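Undergrad: Chain residues, written in single-letter form:
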Amino acid sequence: MGPSFPPPAAKANSRHTVALVGPPNSGKTTLFNRLTGLRQKVANFPGVTVEQHTGRAKISAQREVFLTDLPGIYSLKACSEDERVTHDVLMGTMPGTTRPDAVLLILDATNLTRHLTLAVPILSLNLPTLVILNMSDDLRSRGGEVDSAALAAQLGAPVALISASTGEGIEKIFQFLEGTAAADHRRSTPLLQLPVLQDVPKCRQWAMQAGRGSSYQAPAHSAWTRRLDAVFLHPVAGPIVFLLVVIAVFQTIFTSAKPLMDGVQNLVSNSGALLAGVLPESIFRSLLIDGIWKGVGSVIVFLPQILLLFLFIGILEDSGYLARAALIADRSMRRVGLQGKSFIPLLSAYACAVPAILATRTIENKRDRTATIMIAPFMTCSARLPVYTLLIAAFIEDRRLLGGFLGMRAATMLGLYVLGFVAAFGTARLLKSSVLKSEQTPFLLEMPPYRWPTLRSLALRLYDRAKVFLHRAGTVILLVAVVLWALGSLPLENGKPPAIENSIVGTIGKTVEPLIAPLGFNWKIGVGLITSIAAREVIVGTLGTLYGMDSNTQSVGLQQALQKDLTPGAAVALLIFFAFAMQCMSTIAVVRRETGGWGWPVAQFAYMTFLAYLGGFIANHILSGAGPSTLALFR
Amino acid sequence: MQLSFKKSKSAAGAKPLPGKLSELREGEHGVLERIELPEAVSQRLMELGFIPGTSVTAAQSAPGGDPRVFRVDGTEIALRRETALHLILKR
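Chains A and B are the protein sequences, given in the same order.
Using this note's numbering, you'd call the opening residue of the first sequence number 1 and step up by one each time.
Using this note's numbering, you'd call the opening residue of the second sequence number 636 and step up by one each time.
Note that these hints are calculated values from the structure, not bench results.
Bear in mind that the values here come from a model prediction, so they are computed numbers and not experimental data.
Keep in mind that a hint or two might mislead.
Each computed DSBU-like pair below joins lysine-lysine, with the alpha-carbon atoms no more than 30 Å apart [said to hold, decoys possible]: (1) Lys77/A / Lys258/A; (2) Lys655/B / Lys202/A; (3) Lys202/A / Lys725/B; (4) Lys655/B / Lys725/B; (5) Lys725/B / Lys366/A; (6) Lys725/B / Lys77/A; (7) Lys58/A / Lys467/A; (8) Lys437/A / Lys655/B.
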């Protein structure tokens, strides 16, 4: 269960809310995680799609404040949706939220003069504000310094020099929060008069003055960042490293996850066998073992693999490599008419299309944004992983390729990722040269210095992901398993459940079977395709339940059952079907909300399903030897 | 009139200095004079540190030379050539 929060209406007057504001790459999220730990939740701001992270910071035994992590911004001018939200929340004009009682302004101490410009609009809000200079350890180790007391006098606001990643100086934040929570905020007269907001050069001058007044010594450029960039952005070595990183990630996801997955698999099957032995023969036992255990269990097995994928994405993102990858990718993005900014949402679509589609809001150009939304679900999201892994393990021989560096199975997986990628880019090209043609908007991307990812932030990411995955297994997949079991056990024949083919679910499957027979799919796959419209991984649970209820395959694992029941051609067709199809209700819902209507999501669903069907059809026909004559149709 | 004046000026210099940010090669630097881009874009560039009067150094680029990373005001920002073309340097 997630942490529970008192309903806003009930305690609105007594609770203290503090907003966390800062530019991108200032360590805002690290600090938020440190202050709130696991006592946080993610939601959307009412009416807009910007994510709102709120959490509780425990100040003392009895005292808590509510922290809101606002989107990273460079100014308060409300150009993008992110900036508008931050502006509205801070002004107290955001419907459904109260104006914060205080502000934590977090700035990167190694980049102080640039980041201090954001202090101008924030300080002129006249809310009690603590100016937090983050990355004190970085500043010191690279030979920079700042007099935080002098800066506080310049700004007329308290200043804390901290390191969010090591926790150094963090107590000063708690002292401030304690002060705010006790409604005691002092603000002295600043030595420096705030400049006019709209004038960026003036604001910068003011920041320079404030920096000088606090004897700010900018640190030397990080030597490590220079050294690493010499390799990662090298004209030849850079792209090679990029490729090696990608291959290594896939290989590790396959090999390292194996023992963990086997462990979970054993746990699920042993506990199922144990339960089956203890419980008396009954309808209830059948529901529990054949329905729920086989259905939900077959999905939970993939948790280690998904967590491993998120671990890699987390390391790439936190270390700063992702920005370099976006730089290397910009050229190819431009070739299909998109910009480098589309790259980061697309990369996060490898984890899940839903946050990726939300992340497209940083793209100012509306047509570029729509195009990115349209292609994001083609990127191989983690929900496809269970389907791919199951089928690959069952049908692809594990041979070594490239002198043992890459296994055949990992190569197949990589191929499926490439397939999704190619489909995405082909579609982008199609859209950008027709309905979504537009002027190109400039690509501006900050290159953060390289940093060691902290264990804490990685662990929190994984915890978050595990929660989401298990939540889905415990709700959608459980429900589907129970409904399937019920439909698979009815109508009763002579007071006993029928053979699975004669059940309601069998009838439904048989009805759609002619439609999918050209792809080599049987009726069980058909049922799986229907249930997996809820979410892709549901097909694995569905097949687990269906084969678990079938008396012919009850005793063997899902892999062996599939090997008996599908031709290799059909298995490849199914892989390709899943590479293309938009089997995900959450994505459809989020596309509808983001594009403001049903037009785009309906077109997207139809287009992706068509591609999936066509791809599956071709694959099945080539591989089942019926090739030449049927393929002539497509020439 | 003005065009010919500009031409003669650059011809007079012994070594023509780069006039645009896009003309800087890796390791070279110049002082920004003005940004010839629409208001919204130049505001964003200024927020990122590209303020007239600031020194900008060209750093590494993506393979093929575009986009390129520029060091400005203690940070590194990547710009495409098509954008850097409109950032005019002091001669």
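Undergrad: For this structure, which hints from the list above don't hold up?
TA: 1, 5
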